[in-house]
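Student: Since the structure of chain R is provided, determine the placement of chains U and P on it from the hints.
Chains as they are written, first to last, in our numbering: chain R, 9 to 570; chain U, 80 to 370; chain P, 578 to 893.
Among the hints, a few may not be true.
Said to hold, decoys possible - Capping the alpha-carbon separation at 25 Å, the derived lysine-lysine pairs in DSS-like fashion look like this:
#, chain 1, residue 1, chain 2, residue 2
1, R, LYS340, U, LYS138
2, R, LYS254, R, LYS516
3, P, LYS798, R, LYS298
To be verified - Derived coverage of chain R by chain P (criterion: at least 3 residues anywhere in the stretch with Cβ under 8 Å from a Cβ of chain P; other residues may be distant):
#, segment
4, 73-79
5, 271-277
6, 325-338
7, 431-445
Simulated from the structure, these hints should not be mistaken for laboratory data. We treat Cβ as the ideally placed atom computed from N, Cα and C, and that holds for glycine.
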Amino acid sequence: MADSTGKFGVGGLHFGIPNRRQFFQLGAGAAAGWTLSGNAFAQSERPSNPPDKPRGQVIAALSQEPTVFHPLMPGIEVDQGIWWQVFSPLWFIEPDGKFVPDLAREVPTVENGGLSADGLIWKIKLRSDVKWHDGTAFTAEDVKFSLDLINNPDFRVRNRVGHSLVKDIKVVAPDEIHWRMEAPYSPYMSILSLTFIVPKHILEKVSDPNASPFHNAPVGTGPFRWAERVPGDHIQLNANTGYHGKGPYVERVVFKYIPDLTVLYTQFRTGQVDYTGLQGILPNFVQEAKTLKGRKIFVSSTSSVEHIAPNLEFGPFADRSVREALYLAINKQAIIDALNYGLPTQTESFVPQQAWSFQQGLPQHKYDPAKANALLDAAGWTRGSGGVREKGGVKLEFTNSTTSGNAVREQTQQLLIQDWRAIGAAMRVNNMPAAVIWGDFWQQSKFNSVLVSVNFMLGSDPDVTPRFGSGAIPAKGGRGYNTYQYKSEAADRLLADGARQFEIAQRKTTYGELQKLIRNDLAILPLFQGFIAEGVKEGLQGFRPNINTSINCWNIREWYWA
Amino acid sequence: MTAATLTSAQLAPGQAAWRRFRRHRLALAGAVIILVLVLGSAFGPYLLPFDDTYIDIMKRFAPPLSGAHILGTDELGRDVLARLMMGGRVSLSIGIVAMVIAMAVGIVVGAFAGFYGGVVGAVLMRLVDAVLCFPTIFLLLALAALTEPGLVTTTVLIAATAWMAVARVVEAQVRALREREFAVAALAFGSSNLRIMFRELVPNAIAPIMVAATLNVAKAILLESYVSYLGYGIQPPAASWGNMLNNAQIYLTSAPWLAIAPGVAITLAVTSFNFLGDGLRDALDPRMNIP
Amino acid sequence: MARYVVNRLGQAIMLLVIVSAIGFAILHMAPGGPLSQFAASAQMTQEDLDRVTRQLGLDRPLPIQYLDWFGRMLKGDWGKSYRDGEAVLSVISSHLGATLELMATATIIAVLLGCWIGILGALRRYSLFDTLATVGAMIALSIPTFWFGLVTIYVFSVKLGWLPAGNRETVGDGSFLDLLHHLIAPAMVLALVETAMWGRFMRSSMLEVINQDYIRTARAKGMPEWRILTVHALRNALLPMITVAGLQFPTLLGGALVAETVFTWPGMGRLFLDSIGYRDYPVVMGILMFSATMVLIGSLLADILYAVVDPRIRVG
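Just chain R, with the same shape it has in the complex (with noise of 0.2 Å):
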């Protein structure tokens, strides 16, 4: 079984053990915070009180500008806050881990006949009143249409981790789809929550899949249409009165591009916007935020984890005793309250901490620098000259780098190098744009460490091999993005058998060991947990910070003007 899993390095799966009923109840529910899936019916509760009609308009402002529209292209984070509005995905996972439809009539389980018990045959179930922004009607054939676009050699997209599974798709009535998996993979349910489809009836008629009109004027199912776009200013949607589901409430959506941070709280202090998205508010921002009349501010977590990437074939990290002391000498606290003011929590797993998954019980850190500096004289690395300590030639000085501008990043650097420097390790600082920082010098390990924040799960799964297999390491030829380029049997031996097991206390017992072992082993040295500060004025109701989905505007087509 070659290429077939989409898995990195780990062999496919295996599945010679026969229990599988709970196996996509497993993936299913496997995101934050709920483990089988319930009612898989009716979407959650709607908040009190909104109107009857569209009211008023939402203006969300964005610090990078959104300029990807097919929701199957290569994107970034902000481009998703299009998508959520404009497009529908077959199902999306609510903030507590509920999958709930969307364009499917309910998310197949193995009880309802949707996931044959091995895992390989889906048979999905379509709503049949949906509609395209352009009045033609929403059938299975858009849903082939979109699986198979992204399986096309010839178009340029995101990627098919889990699509490149699926085979002989079947449109066995306008609202009804079958599918076969080549091999059965538990997080495809969280890819296509985030998959949204897209309309074959003009998506077949181009010549260029890569690029057409379509592209800069989307036609989606969604509960915004999409309106117009001033290139370097906004981006337009209005309310799509016909949409299958509740909502939306307000009139208008506009998304405005405004690339400073302090410029954007600026205008969110003075009213001229109603929600700040992705960057957020600047932490420093945050508690003058909180005063402010007619403004409420959500601090809310992500699934990133922002930490010290170490590359472990670079001299001095190779040795685990400089990765501890490096790791003692961190004034966390100083990071957290001072730099941060506060806001994010700190932890010790790669694993965010509202995710079934999280182990417990780690190992706490604490700020101690004597120890440290004990801890390396032990080691064999003993000062020399300027007072940087070497061993057997080696110096223990290194570079670090992150995305120049970056403001509270590049003060957390000024600590490290005064705190390290007290314990004999020299720190130098290497910025760069975001452009450079993570083509080939993080790709290829170029680098000595990285200040970093990554979201280690895939989709809501905890399976981190492309992250720490040791045949995930690109710079070595391996398939994934172990920049670290972290080598350790026991971690390959729990990784295989975490993907092959099936019972979610299982799972959680293995990738507890899995990540006692990262945190043993301090293959990255965590920091905390990301978060996001987000500020909504008063009266929006509505917003729900959705860790499952990677932007907090998923749902605009909830808010409503009190």
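Tutor: Just chains U and P now, kept in the frame of chain R:
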């Protein structure tokens, strides 16, 4: 008769120039301010009890005159005055070194182009014109994207955007002077081309060159501040007036002194150099022939 | 005359070619590429990135990419943005309006204010007004524009609340008054440097003219002073300004970039910064070529106008 009672026409050119310069009060003021800034940046850090990179996270955002810190502390608790002085070292030296490089390249290119004329001159000046087509900032940003930021690259980049104007000025002067008597005479004496270029012609163009040099320092300091402000110039923890402004931006409303101090410093330095250049221009050629 | 124009045109075109080659080389030699931003979100594997690189043609040797781009540009196809797939020309033109608005307003303010200050300063040389104006102009030229912009925002938007803190218009509004309201601060900031320059040029030009013989003759003939000023002095003083105007364009464009950054003005300058950040090569090349063309046109027009107006130049 003493020198003081001689009229301008009777003094040697150098002395006449100096007298004219002394009368230009703004230029004098500029010179004095520059001196203060340079001395302050060079020796000031030794006089202050605070180190410019020492982080005292508990004492962040202390306003000016609120304690031991005269100009307050910044977002990491570092002393602003110390950073201002160290930043001054960086910004002023970048300004001067970039000017020197730009002048050197510009003079050489301009001299060759002006002296040889013909195809060589045309090609060189076309190249100069081509690079001049880019608005300076556009060129600077494009080049900055190409390189790893730092002290050396920033200096070289700024010089790379400034040499063209110098080349133009020098080329025009050399071309005009080439025909003059002393050049022809030198040729007759058998001096080599290079000698004529750099011993005779260029020194006679010294007036506009000096003016251009002074004004270039001003421009260089401004450019450095802009490049560092955008994040492409001097990297932390080193301080420069430009990157201090960059760091101060998000705290404009809560800690405005962080932005005011470096901004005032830059304005003072650049204004002084500009006045100095103006004064030089008036002093060296009162007929205002210098472009 | 015609030969002069043709000659200069030919030189201009050659310059543009050189400019394009230099710009292309610089851009593509820069580290990183347009796909790095996706690598950050880690939704794409190295294979996906390689595949897209191939699909965009970025793995071909540089001279081939350049010739391909150049050939297409000659046919009018300036390429498509890597970010949203729009034609580069349409991307630029949609941002151009905002920048031109800013530049035009600033120029008008600068010309009117600067000429007034310059003329008065020349007429009342060394007076208090003149000294203040000179010092003021010098300081205006020395202030870092972006810092001035920040201070303006702090004073007028945050503290006083008189002016909006950036952007071109309030969303949903967009009336003329609203546009004007938003235009004030950035235009003022951009005009600062321009006013100072125009003031200085006007002053020295006026000074040169006033001391000429024909002015003294006119006075001796008994012509009223105001007539001397407007008909003779001003007209002759304004002539050299035409050249200056044409050559101001690059500085103005650079200044506009700064103003746009500080005031989040949706113009070409900000587009340039963003595109460099994303390594959106086609757009960056488009802007470089466009601005170089504008600069060349500006100086060409200045030269031609000057030759038309001053017959002495044509002969030489």
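Student: The structure should be examined with respect to each hint, and the outcome stated for every one.
Tutor: Hints, verified against the model:
| no. | hint | verdict |
| --- | --- | --- |
| 1 | LYS340/R with LYS138/U | 17 Å, holds |
| 2 | LYS254/R with LYS516/R | 36 Å, violated |
| 3 | LYS798/P with LYS298/R | 76 Å, violated |
| 4 | 73-79 | holds (count 4) |
| 5 | 271-277 | holds (count 3) |
| 6 | 325-338 | violated (count 0) |
| 7 | 431-445 | holds (count 6) |
When held up to the earlier numbered hints, the structure conflicts with 2, 3 and 6 and fits the remainder.
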